[in-house]
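Residue numbering for the sequence shown is 1 to 394, as defined by the numbering used here.
Among the hints, erroneous ones may be present.
Taking CB as the label site, the calculated pair distances span [claimed, not checked]:
hint	residue 1	residue 2	range
1	Asn75	Gly228	22 to 32 Å
2	Asn211	Tyr72	36 to 46 Å
3	Trp99	Asp125	21 to 31 Å
4	Ile102	Ser295	48 to 58 Å
Hint data in this document are derived by calculation from the structure and do not stem from the laboratory.
As the structure is a prediction and not an experimental result, all values here were calculated from the model.
Even glycine gets a Cβ: it sits at the ideal position worked out from N, Cα and C.
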Amino acid sequence: MSRRDFSIIFLLFLLVVGLCGCSMKTLIARTMEGTLKDMSKSFEQEPSVDHAREAAPTLLKFLEGIILADPYNENLLLMGAKMHAGFAVLFMDEENPLWAKILFKKGYRYARNSLDYEELNKILDTGNSKKLERLLVEEYDSDYTPHFFWLADCLAGIISKSKEDTSTVAKLACVEVILRTIIERWKRGDFYHGGPHVVLGSLKGRRFGGNLRESYKQFQEAIKIARGKFLMHYVLLAKYYAANADCWACHNHNRARVEGCAYCKSGWKEWQGPRSRECSACKGSGMVGGKECGSCGGYGYFYCKRCKGTGLELALYRESLEKVLQAPEDIDPSQMLANMVAKRRARRMLENISRTFTFPKKASEDPLRRQRKITPAEEEETLKELEGVEEGEE
Numbered sequence: 001m002s003r004r005d006f007s008i009i010f011l012l013f014l015l016v017v018g019l020c021g022c023s024m025k026t027l028i029a030r031t032m033e034g035t036l037k038d039m040s041k042s043f044e045q046e047p048s049v050d051h052a053r054e055a056a057p058t059l060l061k062f063l064e065g066i067i068l069a070d071p072y073n074e075n076l077l078l079m080g081a082k083m084h085a086g087f088a089v090l091f092m093d094e095e096n097p098l099w100a101k102i103l104f105k106k107g108y109r110y111a112r113n114s115l116d117y118e119e120l121n122k123i124l125d126t127g128n129s130k131k132l133e134r135l136l137v138e139e140y141d142s143d144y145t146p147h148f149f150w151l152a153d154c155l156a157g158i159i160s161k162s163k164e165d166t167s168t169v170a171k172l173a174c175v176e177v178i179l180r181t182i183i184e185r186w187k188r189g190d191f192y193h194g195g196p197h198v199v200l201g202s203l204k205g206r207r208f209g210g211n212l213r214e215s216y217k218q219f220q221e222a223i224k225i226a227r228g229k230f231l232m233h234y235v236l237l238a239k240y241y242a243a244n245a246d247c248w249a250c251h252n253h254n255r256a257r258v259e260g261c262a263y264c265k266s267g268w269k270e271w272q273g274p275r276s277r278e279c280s281a282c283k284g285s286g287m288v289g290g291k292e293c294g295s296c297g298g299y300g301y302f303y304c305k306r307c308k309g310t311g312l313e314l315a316l317y318r319e320s321l322e323k324v325l326q327a328p329e330d331i332d333p334s335q336m337l338a339n340m341v342a343k344r345r346a347r348r349m350l351e352n353i354s355r356t357f358t359f360p361k362k363a364s365e366d367p368l369r370r371q372r373k374i375t376p377a378e379e380e381e382t383l384k385e386l387e388g389v390e391e392g393e394e
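All chains, full assembly: derive it from the sequences and hints.
Written out as structure tokens, the structure reads:
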């Protein structure tokens, strides 16, 4: 290229800058937008979890610098919200909760700035869910799904890390309003692999004020939308639903009898009297002839075969995590990183399953365990309950 040609190109460059009215930094930021999208895509396709973990902070700081140069660029702000939320969920959520909270806060700020509406900001600051619902109906439509989804996702992350901050937890209703608007009114529950259903399912799966039936429904819908290829859905189903939900076999007498459960309640610690089935061979001692009872395995009682005496959805927990481990690594090449993180997390959750569920101790190994004998009156009561169930079946 000749010096004359270079001068012409440089003059044209200055002319474009002048016509756009943008600073040099803003112009550079906008030219980098496409490159950042490619970098984000490459990051999501990274098969090495450790490599991505090391590279992510640098990528985030680079993105933050570009946003500083063009702070009103809607696409960059949405990218910032998405990538900060993604890094928090994939890496920091369990490794460093404090850092995760900081990342969620940054993502939340970017999502709010992408909307840039004073009335909305006031409502979000006060946590008035009714006003928010009305505003969403009057001022927004499905085109704003990305903005509000990442806003809700980041706000939910902040709340999960701020359980002692009542003012922050009070905004949980706002998160639900946004997610329900996306799913029910805007019909965009399919956004980001069923993300709205997953976030709502995670919120409903928690014990405090949750709705476990709805949690299960939301997770199943998300899995259906992603066609089972976004493996993190199964991990979150296990973590937020299965680890909290009561075993269905123990609550359904007809099925419970088939499964081998004798009318247990929601957890083996609550079992007592006729609601537990004592082993007739060892009479609850777990020992026969100085050896561990072969009939009950030394437990002294027969527990629900589905939950193994935990009273929770242990079977679904294991099934979901094993499904993640058995899935091909390239089940979805576009989401390789998230799926590899899901596999690593599923393996760790199965290894630490005894920390999540409380399994009954063997009577043969616990001499201090109270051995309570079933009285004839209690046995008669159990028989009456069985007769009542059989009449109901007919």
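Against the structure, the hints come out as follows:
| no. | hint | verdict |
| --- | --- | --- |
| 1 | Asn75 / Gly228: 22 to 32 Å | holds, 31 Å |
| 2 | Asn211 / Tyr72: 36 to 46 Å | holds, 39 Å |
| 3 | Trp99 / Asp125: 21 to 31 Å | holds, 24 Å |
| 4 | Ile102 / Ser295: 48 to 58 Å | holds, 55 Å |
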